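Participant: Put together the whole structure using the sequences plus the hints.
2 protein chains.
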Amino acid sequence: MTYFRKNINAMGGYTPGKQPKGGGYIKLNTNENPFPPSPKVLEAIKEAADDELRKYPDPMGTAAREKAADVFGVEPGMVLCGNGSDELLTMIVRAFAGEGDLIITPYPTYSLYETLAEIQGARFESIDFEEDYSLPADFARPDAKITFVPNPNSPSGTVVPKDVLRDLAGKLDGILVIDEAYVEFADSDCLGLVNELPNVIVLRTFSKSFSLAGMRIGFGFAQKEIIDGLIKVKDSYNVNRLFIAAAVAGLDDMEHVRGNAQKIRENRAHLTQQLRGLGAYVWPSQSNFVLARFSPPVSARRLFEELEARKILVRYFKYRRLEDCLRITVGTRQEIDALMGAMAELVESKAVVV
Amino acid sequence: MTYFRKNINAMGGYTPGKQPKGGGYIKLNTNENPFPPSPKVLEAIKEAADDELRKYPDPMGTAAREKAADVFGVEPGMVLCGNGSDELLTMIVRAFAGEGDLIITPYPTYSLYETLAEIQGARFESIDFEEDYSLPADFARPDAKITFVPNPNSPSGTVVPKDVLRDLAGKLDGILVIDEAYVEFADSDCLGLVNELPNVIVLRTFSKSFSLAGMRIGFGFAQKEIIDGLIKVKDSYNVNRLFIAAAVAGLDDMEHVRGNAQKIRENRAHLTQQLRGLGAYVWPSQSNFVLARFSPPVSARRLFEELEARKILVRYFKYRRLEDCLRITVGTRQEIDALMGAMAELVESKAVVV
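As you go down the protein sequences, you meet chains A and B in turn. Numbering-wise, the first sequence is residues 5 to 358 according to the working numbering. Numbering-wise, the second sequence is residues 5 to 358 according to the working numbering.
No wet-lab data here; the hints were simulated from the structure. Here the structure is a predicted model, which is why all the values come from computation and not from measurement. Check before you lean on any hint, since a few could be wrong.
Heads up, the list lumps identical chains together, so a pair's fine if it works in one copy or across two of them.
[Said to hold, decoys possible] Pairs of lysine to any residue, SDA-like flavour, derived with a Cα cap of 20 Å:
| no. | residue 1 | residue 2 |
| --- | --- | --- |
| 1 | Lys44 | Asp54 |
| 2 | Lys22 | Tyr323 |
| 3 | Lys322 | Pro80 |
| 4 | Lys322 | Pro20 |
| 5 | Lys322 | Gly16 |
| 6 | Lys236 | Thr19 |
Facilitator: Structure (structure tokens):
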């Protein structure tokens, strides 16, 4: 195929987690929230589904931008709306990294960062996390145009302390992106760093804590100069009218978000305990999923396959350091019990032994 | 601002048409449809605004993709969903044109193509349309990675015949993008060319003919190899659940679209006649807007300003060949009458004389 750029031809593309078409699945593979979104959000969408849809949306999503600024304690000029944090990640790569420029991430982490570097034709390097998923002392690469750190990290669920990230940003000549997709499930956040540092961008999404993965709502936070440059890169009318209505309503009901996050924290403790009871190693998670490592003779890959055959979806990654692991989304108590029942049975019957 | 790529720092960014915040405007500046969207679309959105929003959308928007394939007579593998055709244009530039690669458009046309080239760091050249907005004989630049031809063109509303575009595609080593944003208002379309030619992409949008600018619904059509490569570039879950529901419902009610398009054709004839009666030159439009050229002593810019002061928005472009023109969206009969009343008064009172 000669029409495409060389880097596009060479790349494989990102593979999202399975989204099964039929029903009856227990879906613990893509970190969706098991609890429904705020009824106020659904109401706001229905109200916005009117004849005004014939008109373009506000190019900046101003109502959502101002509400987000208010809720998160920054100026409206420090906020940017995107179709999920994915679109914001795309904008960031296009704005800051040209062909051949260096992009850095820790490893293992969200593999979309590498895909975005490939699309751009940028140079990509990853630096291994320590075994406990702390950042190695020599992680900072001052020459990187962009350094991505998801915090909490996926698939480990672990958190890098704010002080470490402040320190890291200070060592970089480029941009530090702190991807806080899962932060509502954590004990702390780094949003405040955008007020302190000119080279930090913090990303948030409504896909997990707001139970709105299907709406693709994301926000970026940074100093005004950074946001103004990103605006040049974004599609003119990137977010639609229903996005804006849903985002405003969602931000108006943070109680709903926090209530669900609390339930997920409790279920996470239960899931962690159950997995440990089955002999798995579980990293301490501050997210809505846990990473569990299984020891021989139990095979994580076989466990994944056998669970899928039972319509229970978890995530298995064929990557270094993860071959013996499963990433499991924290579901409802019922879902966790079904999962653990199936797992115990599989392990006991030796159906998942290497 | 040292963090951004040089080309991003150097560029100004695309300026969309004014989207006024308050009410009371007659809005004939951004080619929105004056008639409401299909009630079936609004109903479908309301139905989709349920607890399922907690889950990710289908990554390919399969339901919308299959429905579009059915309605437009191609295979589902030849269809790609995007947030408006804008997102598809962005994907196309990222997929086919690297830094320094050549992108060609006619001139004058939709200025977003140039903005996208700037963002990418691609080389951009435009080649003047003839005075009657036909393509010049030497338009084909075989070395261009992408050639964009909006058809009907904006801001002229004129159409390049299918045979000319087929011929053009055959002369190119790169991709020909035929941007059919306004095609439902025209007498013919070029979608069939994607079945004939491996290097043609045709774009459609729901922003104009479907009265859904606020939903950001676009579709790209091309041979499967092209679509498969573009999929690598798109954000994993680029379109949301409400997009998919609305697109399917909209495609199920083509009668609504065609009925409104017919009304707009009739109003366009009326508007054209009225403008000519006022002494303006109007290019023959096959779109939902017309380009009107005013002769001295009437100043198009002054006319634009005075109309805006009266809360009537039309589009004025400070570009070569357009300084004496206004692009006017075809509104309702009532809107046209209000516009023409104001225009006649302004011209008569010499309030808009240079």
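Participant: Now tell me, hint by hint, if it's right for this structure.
Facilitator: The hints, checked one at a time:
1. In this assembly of identical chains, lysine 44 and aspartate 54 lie within 20 Å of each other by CA distance both inside one copy and across copies; the values are 17 Å within and 11 Å between.
2. In the homo-oligomer, the alpha carbons of lysine 22 and tyrosine 323 lie at most 20 Å apart inside one protomer (17 Å), although the nearest pairing across protomers, at 49 Å, exceeds that limit.
3. Taking identical chains as interchangeable, the C-alpha atoms of lysine 322 and proline 80 are never at most 20 Å apart, the minima being 41 Å within one chain and 30 Å between chains.
4. For a Cα distance limit of 20 Å, the shortest separation of lysine 322 from proline 20 inside one copy, 13 Å, qualifies, whereas the shortest one across copies, 45 Å, does not.
5. In this homomeric assembly, lysine 322 and glycine 16 come within 20 Å of each other (Cα to Cα) only inside a single copy, at 15 Å, whereas the closest approach across copies is 44 Å.
6. In this homomeric assembly, lysine 236 and threonine 19 come within 20 Å of each other (Cα to Cα) only across copies, at 9 Å, whereas the closest approach inside a single copy is 29 Å.
Taken one by one, the earlier hints fail for this structure only at number 3.
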